[in-house]
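Visitor: If you read the protein sequences in the order shown, they are chains A and B.
Heads up: the first sequence begins at 1 in UniProt numbering, then just goes up one per residue.
Heads up: the second sequence begins at 1 in UniProt numbering, then just goes up one per residue.
If you're looking for bench data, these hints aren't it; they were derived computationally from the structure.
Check the hints yourself; a few may be wrong.
[Stated by the list, open to error] Below, in silico cross-link-like pairs of lysine to any residue (SDA-like), each with a Cα-Cα straight-line distance of 25 Å or less:
hint: 1; chain 1: B; residue 1: LYS64; chain 2: A; residue 2: GLY29
hint: 2; chain 1: B; residue 1: LYS61; chain 2: B; residue 2: LYS111
hint: 3; chain 1: B; residue 1: LYS224; chain 2: A; residue 2: VAL40
hint: 4; chain 1: B; residue 1: LYS64; chain 2: B; residue 2: LYS279
hint: 5; chain 1: B; residue 1: LYS83; chain 2: A; residue 2: HIS43
hint: 6; chain 1: A; residue 1: LYS34; chain 2: B; residue 2: GLY106
hint: 7; chain 1: B; residue 1: LYS60; chain 2: B; residue 2: ILE205
hint: 8; chain 1: A; residue 1: LYS34; chain 2: B; residue 2: GLY130
hint: 9; chain 1: B; residue 1: LYS33; chain 2: A; residue 2: THR20
hint: 10; chain 1: A; residue 1: LYS34; chain 2: B; residue 2: LEU287
hint: 11; chain 1: A; residue 1: LYS34; chain 2: B; residue 2: THR220
hint: 12; chain 1: B; residue 1: LYS279; chain 2: A; residue 2: SER32
hint: 13; chain 1: A; residue 1: LYS34; chain 2: B; residue 2: LYS256
hint: 14; chain 1: A; residue 1: LYS42; chain 2: B; residue 2: ILE205
hint: 15; chain 1: B; residue 1: LYS33; chain 2: A; residue 2: LYS42
hint: 16; chain 1: B; residue 1: LYS33; chain 2: A; residue 2: VAL40
hint: 17; chain 1: B; residue 1: LYS111; chain 2: B; residue 2: ALA27
hint: 18; chain 1: B; residue 1: LYS33; chain 2: A; residue 2: ILE24
hint: 19; chain 1: B; residue 1: LYS279; chain 2: A; residue 2: HIS43
hint: 20; chain 1: B; residue 1: LYS203; chain 2: B; residue 2: VAL275
hint: 21; chain 1: B; residue 1: LYS83; chain 2: A; residue 2: LYS42
hint: 22; chain 1: B; residue 1: LYS111; chain 2: A; residue 2: LEU37
hint: 23; chain 1: B; residue 1: LYS4; chain 2: A; residue 2: VAL13
hint: 24; chain 1: B; residue 1: LYS139; chain 2: B; residue 2: THR220
hint: 25; chain 1: B; residue 1: LYS83; chain 2: A; residue 2: THR31
hint: 26; chain 1: B; residue 1: LYS83; chain 2: A; residue 2: LEU37
hint: 27; chain 1: B; residue 1: LYS224; chain 2: B; residue 2: LEU302
hint: 28; chain 1: A; residue 1: LYS42; chain 2: B; residue 2: ARG267
hint: 29; chain 1: B; residue 1: LYS265; chain 2: B; residue 2: PRO137
hint: 30; chain 1: B; residue 1: LYS64; chain 2: A; residue 2: LEU36
hint: 31; chain 1: B; residue 1: LYS64; chain 2: A; residue 2: VAL40
hint: 32; chain 1: B; residue 1: LYS61; chain 2: B; residue 2: THR215
[What the hints assert, rightly or not] So, partial list: chain B residues that the calculated Cβ filter (under 7 Å) puts toward chain A:
hint: 33; residue: TYR39
hint: 34; residue: GLN40
hint: 35; residue: THR70
C-beta: ideal position from N, C-alpha, C; glycine also.
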Amino acid sequence: MRALIAAATGLAVAFALVLTITAIGAPSGETSPKPLLTTVPKHP
Amino acid sequence: MRRKASLVLLAVAVFCAAMSPLLRWYAFPRLVKIPPNQYQDAVLEAKNPTLIDYGTMKAKKVPKVTIVQTLKGNVEASERIEKNDGDSSRDVVVWDALSYVQDAEGKMVSKIPERYIFDAHSQEPVHATGEMVDGDPVKREGIEFKWPFLTEKRDYEYFDAQARITRPIHYKGTQDFRGVRVYYFEQTIPWTKVPFPKTMPVKGITPESLAKTGTTRWYTTVRKFWVDPTTGAPVYGEEIQRNELRGGTLLGGRDKVTVFAGHVKMREDYIKSTVDLVKSQRVLVLLMTSYLPWGLLGLGVLLLALALWLEARSRRPGDPAPTAAAEPEPQPANA
Chain A
1 MRALIAAATG LAVAFALVLT ITAIGAPSGE TSPKPLLTTV PKHP
Chain B
1 MRRKASLVLL AVAVFCAAMS PLLRWYAFPR LVKIPPNQYQ DAVLEAKNPT LIDYGTMKAK
61 KVPKVTIVQT LKGNVEASER IEKNDGDSSR DVVVWDALSY VQDAEGKMVS KIPERYIFDA
121 HSQEPVHATG EMVDGDPVKR EGIEFKWPFL TEKRDYEYFD AQARITRPIH YKGTQDFRGV
181 RVYYFEQTIP WTKVPFPKTM PVKGITPESL AKTGTTRWYT TVRKFWVDPT TGAPVYGEEI
241 QRNELRGGTL LGGRDKVTVF AGHVKMREDY IKSTVDLVKS QRVLVLLMTS YLPWGLLGLG
301 VLLLALALWL EARSRRPGDP APTAAAEPEP QPANA
């Protein structure tokens, strides 16, 4: 019974962690202020 | 004590084993995606191409033509589309792109703006207001600029912005490109009638004035891409392109005049920077698809074995029971 509880705990923590991380996601950030180029850049 | 340790190990083992598929099949499609604020530029050059002189309407050899391609993620537009999208879980990326072409003297040859809207993870096109090529509304099918993450060894549908058509781009094999294992793709667009660019290099010449002469523009290209299959990002690209004006009164009795004919290749410094960028990004993707899932699975199996071993040792006959010392057997009262 205790082994079953231990396994269920591990499983629950894994689901909670992955669901939390994916729910938070990555921030969108802001549109770059740099323009669409009409001159040839010297370097990347 | 051993029993407690084995139970903790069992919990951690199950945690690791569960994390492995969760990361690969649940977290990966949701977390690994093109950021909506991406900004990227690339410079491509055609050495000794043929280019039309609109003053004389004759084609001539020029030393060089340069194409500056910029991709800029429009965060506000992507958020607006996501809000109006029926599928609320979908992350959308809006790329405002510009292909600016100039000759060796720095004079503008053409500039074609585009708006490309796509799913941030799958690269599937998303159709929304504003999707366009050179101001013309389009409904893209297939991919453009980039392949999906975990690119497969198969043909893809690729959108050609000049012709506004989608045609297959064929997988032609796996190669080593500057230390990166890449998939080589090739697409041929046969001679196709295409619209004139909205912005022409000579004042007074407009697409409308050209159309009135009955002259039409035709285009063919062989497009080559070397794609990193992990990120789906092209590390190098080439194009063998030909543009012609055909028929009408503009050509003074000639059947056709070459507008542009050349072999366009990415500039060397941009190849290096693209390869470096892709090499760094592919590690992040591999972390989610390979390193962490396999590592966690291995660790889970190892910890499970350790937990079982500890459990077995704690139950081995002959070993003093862990609780024996703490709780002595009750003695008969008359002993």
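Visitor: Need the status of pair LYS42/A, ILE205/B: alpha-carbon distance at most 25 Å?
Guide: Violated. LYS42/A to ILE205/B sits at ~31 Å, over the 25 Å cutoff.
Visitor: Does the structure keep LYS34/A and GLY106/B at a Cα separation of 25 Å or less?
Guide: Holds: LYS34/A and GLY106/B sit about 21 Å apart, inside 25 Å.
Visitor: Would you check the hint for LYS83/B and HIS43/A, treating anything up to 25 Å between C-alpha atoms as holding?
Guide: Outside the cut-off at roughly 38 Å; violated.
Visitor: Is the hinted pair LYS279/B and HIS43/A satisfied, with a Cα-Cα distance of at most 25 Å?
Guide: 19 Å, holds
Visitor: With the threshold set at 25 Å, check whether the alpha-carbon distance from LYS111/B to LEU37/A stays at or below it.
Guide: Within the cut-off at roughly 10 Å; holds.
Visitor: Is the Cα-Cα distance between LYS224/B and LEU302/B 25 Å or less?
Guide: Given pair LYS224/B, LEU302/B is violated - Cα atoms ~46 Å apart, limit 25 Å.
Visitor: Going straight from one Cα to the other, do LYS83/B and LEU37/A come out at no more than 25 Å?
Guide: 30 Å, violated
Visitor: Does the structure keep LYS34/A and LEU287/B at a Cα separation of 25 Å or less?
Guide: Distance ~31 Å between LYS34/A and LEU287/B Cα, so the pair is violated.
Visitor: Would the hint on GLN40/B be counted as holding, given a Cβ-Cβ threshold of 7 Å to chain A?
Guide: Cβ of GLN40/B sits 9 Å from chain A, so the hint is violated.
Visitor: LYS34/A and GLY130/B were given as a pair; does the straight-line alpha-carbon distance stay at or below 25 Å?
Guide: At roughly 21 Å apart (the allowed maximum being 25 Å), GLY130/B and LYS34/A satisfy the hint.
Visitor: Given the hinted pair LYS33/B and THR20/A, is their alpha-carbon gap at most 25 Å?
Guide: Between LYS33/B and THR20/A the Cα gap is close to 17 Å, so the pair holds against 25 Å.
Visitor: Mind checking the alpha carbons of LYS34/A and LYS256/B for me, to see if they're no more than 25 Å apart?
Guide: 40 Å, violated
Of the numbered hints listed earlier, those contradicted by the structure are 1, 4, 5, 10, 11, 13, 14, 15, 16, 17, 20, 21, 26, 27, 29 and 34.
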